[in-house]
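Protein chains in written order, with this note's numbering: chain D, 1 to 146; chain Y, 1 to 79.
To be clear, the hints were calculated from the coordinates, so they are not data collected in a lab. Just to be clear, a hint being listed does not mean it is correct.
[To be verified] In silico DSBU-like cross-links for lysine-lysine, where the CA-CA straight-line distance does not exceed 30 angstroms:
no., chain 1, residue 1, chain 2, residue 2
1, Y, Lys3, D, Lys124
2, D, Lys78, Y, Lys75
3, Y, Lys75, Y, Lys3
4, D, Lys27, D, Lys78
5, D, Lys78, D, Lys124
6, D, Lys27, Y, Lys3
7, Y, Lys3, D, Lys78
8, Y, Lys75, D, Lys132
9, D, Lys132, D, Lys70
10, D, Lys70, D, Lys124
11, Y, Lys3, D, Lys70
12, D, Lys27, D, Lys132
13, Y, Lys75, D, Lys124
14, D, Lys70, D, Lys27
[Claimed, not checked] Covered stretches of chain D (chain Y as the covering partner; in silico rule of three or more C-beta atoms under 8 angstroms from a C-beta of chain Y):
no., segment
15, 52-66
16, 86-100
17, 123-137
Positions of the beta carbon are idealized from the N, C-alpha and C atoms, including for glycine.
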Amino acid sequence: MSKSETRSPVRIQQEDFSQDEEVMALKAASQRIGGIATFLGCARDFSEGRSVSEISFEAYGSMALAEMNKLREEAMSKFGLLEARIVHRVTTVHAGDNIVFIAAGAEHRGPAFEGCRWMIDELKQRVPIWKKEITPEGEAWVTQHP
Amino acid sequence: MIKILFFGPVVDRVQTCEMQFEYTPGMTLHDVMAHIGAQHPSVFGIVSFIAVNQNQVHDRQMALQDNDEIAFMAKFSGG
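Using the sequences provided together with the hints, build the complete structure.
Have a look at this one:
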């Protein structure tokens, strides 16, 4: 059994994650899965017309984790997913670093795509996590939902 | 005791991430907000979400209980 198979499907963590391990763990949940859609959010080096050197994340940890668990359960019910995983890093990242990973597994691709899209959209609206962009000109909290 | 938490850009307005208030029977969320607002008039301009014990609330007349945890949060920007 790999390490990822024993880890919770919903996590907030400082350290990086492995997409391969997350997908492996998702597949291990059910052999009925025929389609897996994933979303990987990563750090950009440019935002709102400025260079961004670092992005710092802050979370209301306990509430964020509870809300992420809730939206995973809602997605599984709403789209008939067989398994779903959500991992969000809360730390300081640099351009190209991983931030968030979402995977949705279903019998077919349609619900997998829809469930994955729904989870990242809902996460941005509902989960108490904030990002601050550090630029050569200074720091600025991000308040938009692009 | 009532525990007050601030997150994200709200921290910049109050210059702290945590406060504590002595609990008094009958105390409401509005009472706490009025007290904080008097000290930091600009703070609630950026508060988009309020949670009591990690559940989002909208009713500012909500009666508080001893040991409640209140969080004042700006618009989320995770992901």
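Hint by hint, here is what the structure shows:
Distance check on the hinted pair: Y:Lys3 and D:Lys124 sit about 26 angstroms apart at the alpha-carbon level, within 30 angstroms; holds. Between the alpha carbons of D:Lys78 and Y:Lys75 the distance comes to roughly 25 angstroms, so the proposed pair stays at or under 30 angstroms and holds. Among the hinted pairs, Y:Lys75 with Y:Lys3 is consistent with the structure: their alpha-carbon atoms are about 21 angstroms apart, no more than 30 angstroms. A C-alpha spacing of about 20 angstroms is found between D:Lys27 and D:Lys78, which places the hinted pair at or below 30 angstroms, so the restraint holds.
This hinted pair checks out: D:Lys78 and D:Lys124 have alpha carbons roughly 18 angstroms apart, not beyond 30 angstroms. For the proposed pair D:Lys27 and Y:Lys3, the alpha carbon gap of about 42 angstroms is over 30 angstroms, so the pair is violated. Of the supplied pair hints, the one linking Y:Lys3 and D:Lys78 is violated, its CA atoms being roughly 36 angstroms apart against a limit of 30 angstroms. The straight-line distance between the Cα atoms of Y:Lys75 and D:Lys132 is roughly 12 angstroms, inside the 30 angstroms bound, and the hint therefore holds.
With a C-alpha separation of about 25 angstroms, the suggested pair D:Lys132 and D:Lys70 falls inside the 30 angstroms cut-off, and the hint holds. With a C-alpha separation of about 14 angstroms, the suggested pair D:Lys70 and D:Lys124 falls inside the 30 angstroms cut-off, and the hint holds. Using a Cα cut-off of 30 angstroms, the hinted pair Y:Lys3 and D:Lys70 holds, with the two alpha carbons roughly 25 angstroms apart. Proximity of D:Lys27 to D:Lys132 is assessed by CA-CA distance (about 34 angstroms); at most 30 angstroms being required, the pair is judged violated.
With a CA separation close to 10 angstroms, the supplied pair Y:Lys75 and D:Lys124 stays within the 30 angstroms bound. Proposed proximity of D:Lys70 and D:Lys27 is supported: the alpha carbons are some 21 angstroms apart, at most 30 angstroms. For a cut-off of 8 angstroms, the count of residues in the segment 52-66 of chain D with a CB near a CB of chain Y stands at 8, and the three-residue condition holds. Check on the segment 86-100 of chain D: 3 of its residues sit with their Cβ under 8 angstroms from a Cβ of chain Y, so the three-residue criterion for coverage holds.
Requiring three or more residues with a Cβ within less than 8 angstroms of a Cβ of chain Y, the coverage given for the segment 123-137 of chain D holds, as 10 such residues are present.
Going down the numbered hints, you'll see the structure goes against 6, 7, 12, while the others check out.
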